[in-house]
Each structure stands twice: as C-alpha cells, then as structure tokens.
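J.: Chains as they are written, first to last, in this note's numbering: chain L, 1 to 331; chain D, 1 to 331.
Wrong hints could be hidden among the right ones.
One copy or two, it doesn't matter: identical chains are merged, so the pair holds either way.
Stated by the list, open to error - Restricting the straight-line Cα-Cα distance to at most 27 Å, the calculated cross-link-like pairs of lysine-lysine (DSSO-like) are:
hint	residue 1	residue 2
1	Lys307	Lys248
2	Lys248	Lys325
3	Lys6	Lys325
4	Lys248	Lys147
These are computed hints drawn from the structure, not numbers from a lab.
Protein chains: 2
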Amino acid sequence: MTEPVKMTEIWRGPLAESVHRGHAVICDAAGEIVDAWGDPETVVLPRSSAKMLQALPLVESGAAEAHRLTAEHLALACASHEGAEIHTDRVGAWLADLGLSDDDFRCGAHMPKDSEARNALIRAGKEPCQMHNNCSGKHAGFLTLAKHMGWGPDYVEPEHEVQKACLQAFEEITGETSPGFGIDGCSAPNFASSLHGMGRAMARFAAAEDGRSARESAAVRLWQAMIAHPDLVAGEGRACTELMRACKEPVALKTGAEAFFIAILPTRKLGIALKIVDGGTRAAECTIAALLVRLGVLDADHPATRKFMNAPITNWRGIETGMIKPVDSLL
Amino acid sequence: MTEPVKMTEIWRGPLAESVHRGHAVICDAAGEIVDAWGDPETVVLPRSSAKMLQALPLVESGAAEAHRLTAEHLALACASHEGAEIHTDRVGAWLADLGLSDDDFRCGAHMPKDSEARNALIRAGKEPCQMHNNCSGKHAGFLTLAKHMGWGPDYVEPEHEVQKACLQAFEEITGETSPGFGIDGCSAPNFASSLHGMGRAMARFAAAEDGRSARESAAVRLWQAMIAHPDLVAGEGRACTELMRACKEPVALKTGAEAFFIAILPTRKLGIALKIVDGGTRAAECTIAALLVRLGVLDADHPATRKFMNAPITNWRGIETGMIKPVDSLL
Numbered sequence: 001m002t003e004p005v006k007m008t009e010i011w012r013g014p015l016a017e018s019v020h021r022g023h024a025v026i027c028d029a030a031g032e033i034v035d036a037w038g039d040p041e042t043v044v045l046p047r048s049s050a051k052m053l054q055a056l057p058l059v060e061s062g063a064a065e066a067h068r069l070t071a072e073h074l075a076l077a078c079a080s081h082e083g084a085e086i087h088t089d090r091v092g093a094w095l096a097d098l099g100l101s102d103d104d105f106r107c108g109a110h111m112p113k114d115s116e117a118r119n120a121l122i123r124a125g126k127e128p129c130q131m132h133n134n135c136s137g138k139h140a141g142f143l144t145l146a147k148h149m150g151w152g153p154d155y156v157e158p159e160h161e162v163q164k165a166c167l168q169a170f171e172e173i174t175g176e177t178s179p180g181f182g183i184d185g186c187s188a189p190n191f192a193s194s195l196h197g198m199g200r201a202m203a204r205f206a207a208a209e210d211g212r213s214a215r216e217s218a219a220v221r222l223w224q225a226m227i228a229h230p231d232l233v234a235g236e237g238r239a240c241t242e243l244m245r246a247c248k249e250p251v252a253l254k255t256g257a258e259a260f261f262i263a264i265l266p267t268r269k270l271g272i273a274l275k276i277v278d279g280g281t282r283a284a285e286c287t288i289a290a291l292l293v294r295l296g297v298l299d300a301d302h303p304a305t306r307k308f309m310n311a312p313i314t315n316w317r318g319i320e321t322g323m324i325k326p327v328d329s330l331l
Numbered sequence: 001m002t003e004p005v006k007m008t009e010i011w012r013g014p015l016a017e018s019v020h021r022g023h024a025v026i027c028d029a030a031g032e033i034v035d036a037w038g039d040p041e042t043v044v045l046p047r048s049s050a051k052m053l054q055a056l057p058l059v060e061s062g063a064a065e066a067h068r069l070t071a072e073h074l075a076l077a078c079a080s081h082e083g084a085e086i087h088t089d090r091v092g093a094w095l096a097d098l099g100l101s102d103d104d105f106r107c108g109a110h111m112p113k114d115s116e117a118r119n120a121l122i123r124a125g126k127e128p129c130q131m132h133n134n135c136s137g138k139h140a141g142f143l144t145l146a147k148h149m150g151w152g153p154d155y156v157e158p159e160h161e162v163q164k165a166c167l168q169a170f171e172e173i174t175g176e177t178s179p180g181f182g183i184d185g186c187s188a189p190n191f192a193s194s195l196h197g198m199g200r201a202m203a204r205f206a207a208a209e210d211g212r213s214a215r216e217s218a219a220v221r222l223w224q225a226m227i228a229h230p231d232l233v234a235g236e237g238r239a240c241t242e243l244m245r246a247c248k249e250p251v252a253l254k255t256g257a258e259a260f261f262i263a264i265l266p267t268r269k270l271g272i273a274l275k276i277v278d279g280g281t282r283a284a285e286c287t288i289a290a291l292l293v294r295l296g297v298l299d300a301d302h303p304a305t306r307k308f309m310n311a312p313i314t315n316w317r318g319i320e321t322g323m324i325k326p327v328d329s330l331l
C-alpha cells in the first residue's frame with residue numbers, strides 16, 4: 001500500500017501551517033490509469049461524488065423519460081445543492097409532479113447552506129424541511145424511480161429495489177465488486193470502491209456515446225445535465241459551480257463529503273477521482289483545481305480558480321494572512 | 001524529521017473513511033519530553049492555544065492588578081469564546097471600565113458561534129461588532145496593558161510594545177527563539193515555536209508556584225482563572241469547556257485554530273501540546289481527550305468525553321452512521 005502524498009498546503013506568513021495528504025487518479029476511456037498520486041487501490045466511500053452513478057437507474061429504467069424529466073431535474077439528481085430558492089422551488093415542483101410531498105423524503109432536514117434562504121428561515125422562526133437537504137434532488141430521483149417501478153416507500157433501505165439497482169450500476173461502471181457500504185448523511189447507502197474504480201467510472205462517463213447502449217446514453221444525459229446547469233449542481237460560490245463555469249471545455253465536477261472530488265472530461269475521455277485522507281474539503285477543492293490546470297482545461301489565473309487554488313486567506317479585517325496552494329507535484 | 005503519525009480515525013460503517021495525522025508531546029516540569037508522537041521539533045503556530053502566553057505581560061506588568069481584573073477577566077483574556085451573552089456582556093463592561101469602545105478593538109468582527117446570539121442578530125437585521133469576535137477578551141487584555149503602560153492604540157502591530165512584550169514572554173517560557181510569526185485571524189501576530197517549546201511552556205505553567213516570581217505568579221493566576229471559568233474560555237458544548245468540567249482534577253485546556261490543542265495539568269506538573277497537521281479540529285479534540293484518558297485525568301466513558309472521543313456520528317435523521325475515534329497508540 002502506498003501512503004497518501006502531500007497535496008495541499010495552508011500557508012500563514014512564512015510557515016506551511018497545515019498540510020493535507022491524499023490519493024488521486026486520472027483514468028482513460030479503457031479505465032486504465034494515466035496518472036496517479038498515492039495509492040489508486042485505496043478503498044473509498046465516494047459520498048456525493050457518486051450521485052451520477054446513483055442516478056443511472058433513474059434514466060436507464062425509462063423513469064426519467066416517463067416523467068418527462070429535463071436536464072434541470074437530472075442536474076438536481078446529481079447535486080449537493082445549497083438549498084437556495086432555485087433549488088428548493090424546482091425540487092418542490094418535482095415532488096408535486098409526482099403527487100408526493102416533503103414527508104415522502106427519507107433524507108432528513110437540515111438548514112440550507114445558502115445564507116439568504118437560511119436567514120429567511122431564522123427570521124421567520126421556521127425549521128428547514130427535507131427539501132432543503134442538499135441531497136433532496138437525488139432523493140426526488142429515487143422517488144421517481146420507485147414510483148415508476150411500483151416499488152415501496154422506504155427507498156433508502158439497502159435491501160430496497162432502488163438501492164439494489166444503484167449497487168448494480170455502481171459495480172458495473174466501477175468494474176469492481178463493492179466491498180461494502182456506509183450509510184450516508186442523507187440515509188442512503190453509499191457504496192465503497194477503490195479510488196481506481198471511481199476514476200474508471202468517471203472515465204466511462206466521459207467516453208460514453210449517446211445511442212451506443214442504455215447505460216452510455218444515460219451517462220451522456222447525466223454529465224450533459226450537470227454541465228448545462230452548474231448552478232443547480234451546487235450553488236453560487238461553490239467549487240463545483242464556479243469551476244465548471246471556468247473550464248475552457250465541458251467538464252462535469254462533483255464534490256463529496258469528507259473531501260472527495262471527481263471530474264468527467266468528455267472531450268478528452270478522461271475521468272479524475274481524488275480523496276483527501278483527512279476529509280478537508282478546502283484541500284479537495286484546491287487539488288481538483290490543480291489537476292484541471294495540469295490538464296490544461298482550467299487557467300491557473302482565472303478568478304474562479306484563484307478562489308480555490310493559490311487562494312489568499314484573509315482575516316476578519318480583510319488582511320491577507322496566508323494562502324492555500326497545491327504542492328508542486330500536482331502541477 | 002519524523003513524519004506525523006495517525007491520531008484520529010473517522011469510521012463510517014465498516015470503513016475508516018478519513019484519518020488525521022499529527023504530532024503531540026507531553027512535557028514535565030523541567031521541560032523534558034515524557035512522551036511524544038510524531039516529531040516534537042516540528043515548527044508550529046499555536047494560534048489561540050497561546051493565549052495564556054499572550055496574557056502574561058498583562059498580569060506581570062501590574063496592569064491586571066491596577067485595573068482590578070478578576071478571574072473572569074483573565075479567563076476571557078485566554079478565551080476563544082462563542083460570543084454568547086455571558087461573553088459579550090463581560091467584555092463590554094470591561095471596555096467601559098477602560099473608558100474605551102468597540103471601535104478601539106483591532107480584532108475585526110464576525111458572527112458569534114453561539115446560535116442564540118447569532119440568530120438574534122439575524123432576526124434584528126444587525127451586523128456583529130468586534131466584541132463578538134472570539135478573541136475579544138484577549139484584545140481587551142491587550143488594550144488594558146497598552147492603557148496601563150501609556151502605549152499607542154495600534155496594539156496588534158508586530159512592532160508595538162504590547163506585541164514585543166508578548167514575544168519576549170513567549171520566547172522565555174517556550175525556551176526558544178521564535179523562528180517567525182504569522183498574522184492571526186484577529187490580526188495579532190502569532191509567534192511560532194517547536195511543538196516541544198509549546199509543551200515546555202504548558203509544563204512551566206503547570207509547575208508554576210505563586211510567589212516564586214512575577215512570571216510564575218502570573219502563570220498560576222491565568223490557569224486558575226481558566227479552570228475557574230470553563231464557560232468563559234469557550235462556551236456550552238465546546239471541547240475546552242466540556243472537557244475541563246469533566247476532568248477528575250484541575251486541568252486547563254485550550255484549543256487553537258488549525259487543530260492545535262494544549263493542556264496544563266498543575267497537579268502532575270505536566271503540559272501537553274498537539275497539532276493535527278491537516279488542521280482538522282475534530283481530530284484535535286478527539287486526540288486531547290484520548291491523551292487525558294491515557295493520563296487518567298478523564299474517564300473514557302464520561303458523557304463529555306464521548307462527545308469528542310469514540311463519539312458517534314449521526315446523520316440528518318439521527319441514524320448513527322459512524323464514529324470518531326483515537327488510534328490505539330494514543331491510549
């Protein structure tokens with residue numbers, strides 16, 4: 001086993017105050033490793049970076065088609081959104097179209113990250129509902145699939161048909177038997193794979209061609225939806241949204257909790273998967289930006305890039321006290 | 001140089017999803033290392049874990065005495081508080097006693113971490129003031145020292161007499177020449193030392209005896225103030241506050257940004273300093289709890305301990321999805 005390698009440093013004045021280590025892999029259309037840092041065989045939970053895999057059965061089953069889901073719906077199915085109005089309005093309408101309500105969700109409620117939405121709830125003395133959960137689009141997708149197939153309401157149970165379909169798609173596209181799962185923040189099972197398996201899956205998304213198979217057509221619809229609606233996949237100011245907009249060619253990006261990040265590069269038929277071992281999101285964001293710069297799809301000096309890579313750290317009086325930067329070996 | 005060692009693991013289902021590495025040292029009254037993990041000579045910025053060192057000139061100069069500062073004031077001078085009413089009321093009164101106002105602070109403003117105080121500001125449509133800054137007690141101490149000595153208002157400048165006094169105290173008690181400094185979140189310089197230097201400083205606090213010297217008397221007053229007012233040093237629910245209350249003997253605890261943590265154990269004349277290299281606060285909290293359990297001053301099964309060490313991770317529906325736990329080598 002290769003130890004994780006240094007990936008991102010947090011500088012303060014003359015000192016590298018903190019350092020994040022991790023593993024990363026870039027895969028090609030054949031699923032082979034083009035470049036790797038650390039241990040590609042490390043077993044990972046991709047968390048929300050697996051949402052486009054969890055959305056495959058929704059599209060492949062015909063449920064998306066039958067319910068006339070648009071690219072906006074599919075972007076939300078792949079999203080970890082901020083709970084801003086643009087997200088909750090659309091998820092609410094989707095639920096209504098299904099003839100369902102917030103109570104049919106199994107994701108749990110949490111305060112939206114979007115400050116406007118959050119402060120509005122606080123001012124009104126209201127509690128958030130499940131629609132505000134950053135995973136509510138994924139869950140609307142699960143509900144759509146369950147309704148289409150006539151399956152029962154407890155769609156997050158690992159033995160439920162929805163999750164069995166997700167596991168099958170996950171194992172097929174990662175090319176591995178999943179060694180197990182954890183329960184995610186939103187209560188759905190999150191299947192494990194090697195980091196290489198996640199890189200392979202992302203490369204297969206990138207290399208998919210519409211019409212070649214139900215799987216490939218679904219993959220194309222999903223990454224196209226993500227790229228068409230970067231604001232729905234995360235939200236204003238977030239790395240996924242800002243970096244997708246900044247890339248010089250179409251690239252789908254998706255973060256996952258505990259510092260996971262993936263990229264789908266359809267033009268080059270490449271996939272990236274990375275995990276910062278300590279779960280530090282700031283380092284996952286800096287590292288994915290660095291790898292996109294390395295591949296030439298993102299400018300190092302783009303204002304969006306500079307929010308996450310070589311980003312100044314400022315204090316409460318706006319004084320620049322340090323910087324977050326990638327280690328040289330990533331560039 | 002010794003590499004950092006694994007200290008805290010984040011488990012989800014059957015997998016160690018994330019792992020935090022760090023360095024830790026336990027020192028005795030002579031400043032010698034009793035136990036160490038990783039590299040004791042690693043250079044660190046102790047951040048807010050150095051607040052009791054930054055408060056030494058306040059007491060040693062006679063400024064604290066002249067302004068009749070109580071143990072509450074001194075606990076706040078060493079605090080990273082939540083900006084709850086119990087903190088801001090006392091800091092406000094302290095400022096008024098000095099004949100100064102919020103505008104005299106140089107720490108900058110940020111939203112209080114205390115949810116009641118924060119939500120009250122949001123409901124009232126008000127911005128936080130500098131008093132809400134978690135470091136406002138330290139800054140009130142700086143202002144008291146500057147006023148007592150007749151020094152100018154820009155007390156956070158590295159060349160200001162307040163900071164020169166802090167540097168001198170810092171170097172004397174760590175037993176090292178500081179190799180440099182960073183500017184902290186609150187705009188004051190934060191001096192670097194080796195981790196061993198910080199452990200040595202904490203042991204010297206622990207071994208100090210009232211009346212033996214101005215330095216030792218000041219050290220005793222400061223750790224006694226912290227232990228007397230754990231709620232002022234941090235706030236309800238916070239690791240410093242909860243673990244100080246849970247310890248079976250008097251122990252002063254103080255966290256610092258980027259995952260620093262120190263402990264002063266006067267009964268045993270021991271000091272602890274630790275740094276999680278990736279800046280992950282959850283791991284610094286788990287690790288300090290583990291070392292206190294190791295030393296026998298904290299029960300592993302105390303409810304407060306279990307909030308930070310072997311602490312269940314629950315999701316948005318209250319389902320237990322994992323655990324944060326120390327590695328065996330700490331225990």
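J.: It remains to establish, for every hint, whether it holds in the given structure.
T.: To see whether the hints hold, each was checked on the structure:
1. Taking the shortest alpha-carbon separations for Lys307 and Lys248, only the intra-copy value of 17 Å comes in at or below 27 Å, while the best inter-copy value is 46 Å.
2. For the identical chains of this complex, Lys248 and Lys325 are intra-copy neighbours only, at 21 Å inside a copy versus 43 Å across copies, given an alpha-carbon limit of 27 Å.
3. Proximity of Lys6 to Lys325 under the C-alpha cut-off of 27 Å is found in both arrangements, the shortest distances being 11 Å within a copy and 23 Å between copies.
4. Within a single copy, Lys248 and Lys147 get their C-alpha atoms no closer than 39 Å, and across copies no closer than 57 Å, so neither meets the 27 Å cut-off.
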